[in-house]
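Read top to bottom, the protein sequences are chains S and W.
Sequential numbering from 471 applies to the first sequence in my numbering.
Sequential numbering from 260 applies to the second sequence in my numbering.
Hints are not guaranteed to be accurate.
As the list claims (entries may be wrong) - Going by beta-carbon spacing under 8 angstroms, a handful of chain S positions derived as facing chain W:
no., residue
1, L762
2, R766
3, R843
4, E850
Note that these hints are calculated values from the structure, not bench results.
We put the CB at the ideal spot given by N, CA and C, even for glycine.
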Amino acid sequence: MDFRLGEKAEEVQREIRAFLAEHFSDEDRKEAAEDGGGHNWELYRKLAAAGWVSAGWPKEYGGGGRDPYEILTLYWELCKAGFPWIGLLNNGFIGHTLMAMGTDYHREHFVPKIANGEIAFALGYSEPGSGSDVAGARTTATPDGDEWLINGEKMWTTTAHTAQYIFMLTRTSTQDRPHRGLTMFLVPTDIEGVEITPIHTMGGERSNGVSLSDARIPDAYRVGEVDKGWSVVRFALGLEQAMGYADLQERFIQHAGQWSLTPGADGQRPFDDPRVKEQLGQTAIHAEVSRLLRHRSTWITAEGKDLGGKGAMTKSFSGTSYLEDAQSWMDLVGPAGLLKEDEDGALAGGNFDEAFRQTPVNTIYGGTAEILRSLVAEVELGLPKSR
Amino acid sequence: MDLSLDESQHILVDTFSEMLEKECPTTHVRDCEGEGFSEALWGQYCELGANVMGLPESAGGLEMSLLDLGLVANLSGRAIAPVPFLEVATVGRLLANVAPEDPLLAALAEGAPAASIALPRSNAVLGTSTGGTTRTLVPFGALADAVVALDGDTLYIAEGGEARRSSRVQDIGAGALAWWNLDRAENARVLATGDEAVAAMARANAEWKLLAGFWLTGIAQRALAIGSEYARERIQFGVPIGGFQAIAHPLAECAIRSDGAELLCQEAAWADTEDPVRFEMLSSMAFAWGSQTAIRTADIALHTHGGYGFSTEYDIQLFYRRARSLSSIAGGAKEELQTVAELCFDRDGSGQAATLLGGAQ
Numbered sequence: 471m472d473f474r475l476g477e478k479a480e481e482v483q484r485e486i487r488a489f490l491a492e493h494f495s496d497e498d499r500k501e502a503a504e505d506g507g508g509h510n511w512e513l514y515r516k517l518a519a520a521g522w523v524s525a526g527w528p529k530e531y532g533g534g535g536r537d538p539y540e541i542l543t544l545y546w547e548l549c550k551a552g553f554p555w556i557g558l559l560n561n562g563f564i565g566h567t568l569m570a571m572g573t574d575y576h577r578e579h580f581v582p583k584i585a586n587g588e589i590a591f592a593l594g595y596s597e598p599g600s601g602s603d604v605a606g607a608r609t610t611a612t613p614d615g616d617e618w619l620i621n622g623e624k625m626w627t628t629t630a631h632t633a634q635y636i637f638m639l640t641r642t643s644t645q646d647r648p649h650r651g652l653t654m655f656l657v658p659t660d661i662e663g664v665e666i667t668p669i670h671t672m673g674g675e676r677s678n679g680v681s682l683s684d685a686r687i688p689d690a691y692r693v694g695e696v697d698k699g700w701s702v703v704r705f706a707l708g709l710e711q712a713m714g715y716a717d718l719q720e721r722f723i724q725h726a727g728q729w730s731l732t733p734g735a736d737g738q739r740p741f742d743d744p745r746v747k748e749q750l751g752q753t754a755i756h757a758e759v760s761r762l763l764r765h766r767s768t769w770i771t772a773e774g775k776d777l778g779g780k781g782a783m784t785k786s787f788s789g790t791s792y793l794e795d796a797q798s799w800m801d802l803v804g805p806a807g808l809l810k811e812d813e814d815g816a817l818a819g820g821n822f823d824e825a826f827r828q829t830p831v832n833t834i835y836g837g838t839a840e841i842l843r844s845l846v847a848e849v850e851l852g853l854p855k856s857r
Numbered sequence: 260m261d262l263s264l265d266e267s268q269h270i271l272v273d274t275f276s277e278m279l280e281k282e283c284p285t286t287h288v289r290d291c292e293g294e295g296f297s298e299a300l301w302g303q304y305c306e307l308g309a310n311v312m313g314l315p316e317s318a319g320g321l322e323m324s325l326l327d328l329g330l331v332a333n334l335s336g337r338a339i340a341p342v343p344f345l346e347v348a349t350v351g352r353l354l355a356n357v358a359p360e361d362p363l364l365a366a367l368a369e370g371a372p373a374a375s376i377a378l379p380r381s382n383a384v385l386g387t388s389t390g391g392t393t394r395t396l397v398p399f400g401a402l403a404d405a406v407v408a409l410d411g412d413t414l415y416i417a418e419g420g421e422a423r424r425s426s427r428v429q430d431i432g433a434g435a436l437a438w439w440n441l442d443r444a445e446n447a448r449v450l451a452t453g454d455e456a457v458a459a460m461a462r463a464n465a466e467w468k469l470l471a472g473f474w475l476t477g478i479a480q481r482a483l484a485i486g487s488e489y490a491r492e493r494i495q496f497g498v499p500i501g502g503f504q505a506i507a508h509p510l511a512e513c514a515i516r517s518d519g520a521e522l523l524c525q526e527a528a529w530a531d532t533e534d535p536v537r538f539e540m541l542s543s544m545a546f547a548w549g550s551q552t553a554i555r556t557a558d559i560a561l562h563t564h565g566g567y568g569f570s571t572e573y574d575i576q577l578f579y580r581r582a583r584s585l586s587s588i589a590g591g592a593k594e595e596l597q598t599v600a601e602l603c604f605d606r607d608g609s610g611q612a613a614t615l616l617g618g619a620q
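Chain S with its partners taken away, still in its complex shape (with noise of 0.2 angstroms):
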């Protein structure tokens, strides 16, 4: 067995971390936490510049080629860091999405374009009346001649407002089951019908909601067959669910350490009472074992096989597991881990306020624990089908 990332992850992680100690200073990451959108063009265009947005991307397709753990590296600095990295998330899938699923147009008007930092993407799936019933989708897409009328919501189409496209699921057809009559278009921002509505949540993010009124798109920018679109939004996902947040469970972790570790105004370090150390002790395996699952899930993917339900056992642990923490520990701090970070007597740099608001989102947004765990039961333990 071998638990290393390997040397090229530890050459990346040098790389993002020298990128981020000349481009990113502290001040960059409380506006970005402040902004809550969770991109920033002026951070992305560097990324952009120095091959990030393409990194992953196979080297024909004038990508990076980099492997898997690579790109693990890549987004676990950000993340920790706290860069604005949705953007750059978003942008590589659909980048390396078009490549493989998209037609000769695609690849040449839009996928150098994501390369160069000009065009950025968000995810539409979400809508009012379907969450966790993702193919319940009720957005159509009419065709009218050679162009296509979306009508419809969105939610949760967080980037929407800094975006060029929505990366957007429709309904084309209510003939068959659910899953059968969806398909996925490039929805452009900026043209008529296309309205964008700021959501903000208990976490300090800012995402939106988008209403579609006879939004009239070319038939170009549909992307995969009609009817087809099932598959694209099944593999994003499972991309999504074999992340989880370990590195943000990793840096809350080393914050409350360094936070007990430091004597308090009586003269004593938290760590010496027991149920700090207890714990502190529960938080580190918690992150450690949030790390594993995620590595098992990129090498997996570097081997080529098939995730199974892993990808979902990494989400939902990390989720569930971060979110236990963040409360346990607001349980112990007592009144001045309420505090944000900045305000007077503010606990480790307002970490636990931090996590005690963002934490709850962990386990919902990309599959609910419900949703992950009951695909966990089916797939790895072979019970029947639970809903």
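Starting from the structure of chain S, add chain W where the hints point.
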């Protein structure tokens, strides 16, 4: 990165799996509950070299890695085998390390289940400490003639088992526990003193904890398999109960945690040679998480059985009881979590958060 076993490890797993399937069905485990030990099964273990696997060649050993030992411990946990594999392996390696000429090592290499270890408990709840020279509850202590212990910075063998040990005391896990008087005023052989002694016991403790982590993970995996099988077959309201999310989701959660436990144990064993600075911390994590996972999984699997799970007729209670006892004999998860924190953040007591999280790249 490579998370697969190599060919020789596959052969090792196949060999022990076959032996355990044949020699250690749960009927045999039940037959041994009166003694907590199966002499016949231990004979089979020794025939396959389990008692000398981890020893150096000079001590008649096979020089196999901690990962190899861990694989055997994991299969033993799945079979809840009533044998002192953990204790014999740990004490043998400790002796080979500090006192390779000691006759006790030769006895272990010949297959005698002759020795056990008094595990240190630095974070015991007030009033429950049984370490040091006081009366100590020793795993497989009812079989042992000698127990290795640490008193301050003196590492010694407490010999003369007959005068020191109580008769077997019955415990939840139907093991072979006995109370030992570890007074070293007489009949004690000093193995090492000072830093060397402390380091040797820390090492042995970490190895026992790691192998116990593998064992507990095995208990969790087998309990999960039993619970899942029951959920697929038991019909209520006209359908298999595994189709109800209230049944399926807790089992799925246990599957996730068991996978995590296995990875954690394997990483710790790998770190022994490849990332040694993290070895002790990861071994402590493996024991704490293995404990939590085994106890939780056995509980969920038992509950899946409804009332039958509570009856002695069904096997799941065998696993429920043994998960608890193997964890508690070393102090249990709550104690161990504090040790994890010390090893992770305050290794030398200096208060420097030289964090060992993050892993090897």
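So, going through the hints one by one against the coordinates:
The beta carbon of S:L762 comes within 4 angstroms of a beta carbon in chain W, closer than 8 angstroms, and the hint placing it at the interface holds. With a cut of 8 angstroms, the hint placing S:R766 at the interface with chain W holds, because the nearest CB-to-CB distance is about 6 angstroms. About 4 angstroms separates the beta-carbon of S:R843 from the nearest beta-carbon of chain W, less than 8 angstroms, and the hint is met. The beta carbon of S:E850 comes within 5 angstroms of a beta carbon in chain W, closer than 8 angstroms, and the hint placing it at the interface holds.
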